[in-house]
Amino acid sequence: MKKSADHLLFVFSANRVYKQLWLVILLLLVAQTAVAQQPVTDDQVNEVAKGLYCPVCESTPLDVCPTQACMDWRAQIRDLLAQGETEEQIQAYFAQRFGDGVLAEPPRRGANLILWFFPVVAVVVGGFFFSRYLRGLKLQQPAVVAAEPNLREETAVLPPTQAPQSDYIARIEAELRGES
Amino acid sequence: MLADFGHFTLLIAFLVSLYAVVAAGFGSWQKRPLFIASARNATIVTLPLLLLAGGSMIALLLSGDFSVEYVWRVSSLETPTILKVTALWGGQAGSLLFWNMLLAIFLAAAMLRKWGEEQVFMPYVIMVGSFTQLFFLGLSTFIENPFARLDFVPPDGNGLSPLLRHPGMIIHPPMLYLGFIGFIVPYIFAMAALISGKLDDEWIRTTRRWTLVAWLFLSLGLILGGRWAYDVLGWGGYWGWDPVENASLMPWLSGTAFLHSVMIQEKRNMFKMWNMFLIILTYCLVILGTFIVRTGVISSVHSFARSDIGPYFFGFIAFMFIFSAFWVSKRRDELSSPNHLTSFLSREAAFLYNNFVILAILAIVFLFTYYPIISELITGEKGFVGPTVYEQALAPLFAVLLLLMGVAPLTMWYRTSIERLQMSLRWPVVATAVFTLILFLLGIHSVGALIGLFVVTFAAVLTLLEFWKGTRARMGRGENAWQAFSNLLARNRRRYGGYWIHMGVIVMGFGVIGVEIFQQETQMRLQQGESLSLGNYTMVFNGVERYAGPDDLVVTEATVDVLKNGRLVKTIHPQIELYTRTQQPMTIPDLRATISEDFYVLLVNWEPTTADAATFRVFLNPLVNWVWAGGFIFVIGTLIAAWPDPRKERQRVPQPRRAAIGAAD
Chain A
4 MKKSADHLLF
14 VFSANRVYKQ
24 LWLVILLLLV
34 AQTAVAQQPV
44 TDDQVNEVAK
54 GLYCPVCEST
64 PLDVCPTQAC
74 MDWRAQIRDL
84 LAQGETEEQI
94 QAYFAQRFGD
104 GVLAEPPRRG
114 ANLILWFFPV
124 VAVVVGGFFF
134 SRYLRGLKLQ
144 QPAVVAAEPN
154 LREETAVLPP
164 TQAPQSDYIA
174 RIEAELRGES
Chain B
2 MLADFGHFTL
12 LIAFLVSLYA
22 VVAAGFGSWQ
32 KRPLFIASAR
42 NATIVTLPLL
52 LLAGGSMIAL
62 LLSGDFSVEY
72 VWRVSSLETP
82 TILKVTALWG
92 GQAGSLLFWN
102 MLLAIFLAAA
112 MLRKWGEEQV
122 FMPYVIMVGS
132 FTQLFFLGLS
142 TFIENPFARL
152 DFVPPDGNGL
162 SPLLRHPGMI
172 IHPPMLYLGF
182 IGFIVPYIFA
192 MAALISGKLD
202 DEWIRTTRRW
212 TLVAWLFLSL
222 GLILGGRWAY
232 DVLGWGGYWG
242 WDPVENASLM
252 PWLSGTAFLH
262 SVMIQEKRNM
272 FKMWNMFLII
282 LTYCLVILGT
292 FIVRTGVISS
302 VHSFARSDIG
312 PYFFGFIAFM
322 FIFSAFWVSK
332 RRDELSSPNH
342 LTSFLSREAA
352 FLYNNFVILA
362 ILAIVFLFTY
372 YPIISELITG
382 EKGFVGPTVY
392 EQALAPLFAV
402 LLLLMGVAPL
412 TMWYRTSIER
422 LQMSLRWPVV
432 ATAVFTLILF
442 LLGIHSVGAL
452 IGLFVVTFAA
462 VLTLLEFWKG
472 TRARMGRGEN
482 AWQAFSNLLA
492 RNRRRYGGYW
502 IHMGVIVMGF
512 GVIGVEIFQQ
522 ETQMRLQQGE
532 SLSLGNYTMV
542 FNGVERYAGP
552 DDLVVTEATV
562 DVLKNGRLVK
572 TIHPQIELYT
582 RTQQPMTIPD
592 LRATISEDFY
602 VLLVNWEPTT
612 ADAATFRVFL
622 NPLVNWVWAG
632 GFIFVIGTLI
642 AAWPDPRKER
652 QRVPQPRRAA
662 IGAAD
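In order, the protein sequences belong to chains A and B.
Residue numbers for the first sequence follow my numbering, so the first one is 4 and each next one is one higher.
Residue numbers for the second sequence follow my numbering, so the first one is 2 and each next one is one higher.
The set of hints was computed from the structure by calculation and includes no laboratory data.
Treat the hints loosely; a few may be bogus.
[What the hints assert, rightly or not] Below, computed lysine-lysine pairings styled on DSSO-like, alpha-carbon distance capped at 27 Å: (1) B:K331 x A:K141; (2) B:K331 x B:K199; (3) B:K383 x B:K331; (4) A:K53 x B:K331; (5) B:K199 x B:K32; (6) B:K199 x B:K115.
Remember, it's a predicted structure, so these values are computed and weren't measured experimentally.
Generate coordinates for the entire structure from the input sequences, incorporating the hints supplied.
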């Protein structure tokens, strides 16, 4: 809420203004009907805390961290939830105060998009070069068949008419013979 | 006094290693076998020197000599004796010393083995191995001296970090280190093969068992680390994609790729260059992993800049990488293979697909792990990559890997006809589809879960069929079922040990799907005598007591009755442990474990002021014990594959290459 004045001044987004208005209205409603309100459960708090990481302890999710600081942060989440803020709003609030580093999933913008593009690009581009490499390995095949006696041997073992399953058994039996 | 002695032995060990490198180099350059023999002795002597240094450190820890900074840092007067010994690897300087000791053991063992045909490797094995030792000894002797003194003698020490007092954490680091260091041996032999120019598969056959044992320890380290997290960290899970975890997963991944692809070289004499690349990559990831596991610098550029040893590590990795790359490029003609791929549907192609997927996973994990540093450099703001990002990116790749794991054993070397493959896959596909349909009708509607379960079940069916077909073929020769099965494993340890490992992965896969997708949880504040329910479990809160534990520990322990379907099944005691000196609290869960699920209870909060109320967090973790059972199967399989086969051992040398084809994978 601290920054709302800045937002109204600099961001001419109708949507945002409405949101702020809604909040004000909600706050008024909450203030009036505080008695009738449902208490925020621990599960709701944890649900939000899961998306956040403790800014102090290394890589510990906020819903798990047992330190006093994190208990205070969870209490803060509870207050914000009681005020009717959504999960996204609360996460944005923490990110704004402590940096994007507290978010379990970095916001999908700017340099962070690498995290979602890279896996796809790596597999596609990598796959492209990999398949080209494989095809290159296979090109000279006709010459190779003659050069590799093993290949002829192995294909010769299987009469083409035989059921494909049986060559597997044949292999196992060949092993048995070879060993005993 | 003892500290000076310890530091002195480190210095001597450093000089001896330096001598080993120089003497081996000079001996091979001038063709003087005497120098090589002397270098070999020097390499062996490093071990007793380091054992003296390590022994001194343990003696200092046991006697509580707090004038030594390291002793002061990781132990205190009240530290139990066993933890005083294991505090040897409880901090950075000590674990570097421990690392040095383990490397010396591996190198001495490599020197003392029976050298046969691979004798030509020896000078280079000494040079590369002792050079690695020299680097770590240099760190220990001059930069992170574990024997450094304080200016004064403090009355008491800091004590070991609470996280490191759990039994799991006592054995986890040595396992991980053994795995890391074990992979250095095949790297050393690979480099020796490159430098000597003897580039047949001798180095691979020489180091095959070393590689498997290294892989076994690394796997054990990862599994034990997961178990430790589950038992101590109290978040209901076992793997959090933490940088430190990833640092040990990455060499495991490249090592796994290597274990598979060397089989192509042994069988088909192909992909020598590729295998060199994989083992060099594994070595670099091992050194990098050692550094990160010890210092945890990933979290920020600043903590990296603060670390004393960071620049040295990166310098060393860069040097070794350039050194390795130089030799690979110098020998590239000898490394290229005369043989060619005969079909895209063949065992060797399947191994390549496996390598591709594993390396894609590795690349993604690498980027995500180092992203905090990268983003801080680009944007100035620290980015954090949480588990959900990893899971989105990696889940499809792991599914493909599992599919390959099931299908690849059906392919044959050289080529497999598509009809044959279809024939072998038809019934397993139908059976798995029916099974998945039944799961759907039983109420599992999550698409992710259904795909995952289909893939895992499919791989399970195919792998079990492999065992069945092999056993049946042997039974056809008059053996009874048990004989046939055990002979199948004993006679072809590498292949069926491998399939056994695959079964371990499959069982773990079921467990991972269970926890990832079907985990339930809830948290609630309970008055004494109140209860909460989750699934068909109910827990009743029956009171709290607080008592003093060993050292500076204060334990707050709740008594909780666990009821399943209304019937009392177990009384458990979740705890909050508080180490008063550091004021570091830990929530230690207690649980009721069955084959189908764990009921996992955490005592989150209890204050003496409101004595009869406490907050509990409860998880229902379906199939989580399959993860541990799968890990156990996995380890057994690795032992089967690595166990020496005396019969084969005798045959190995005179056996001509041709005869080996088809006999073993």
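**Unsatisfied constraints (hint numbers, rising)** = 3, 4
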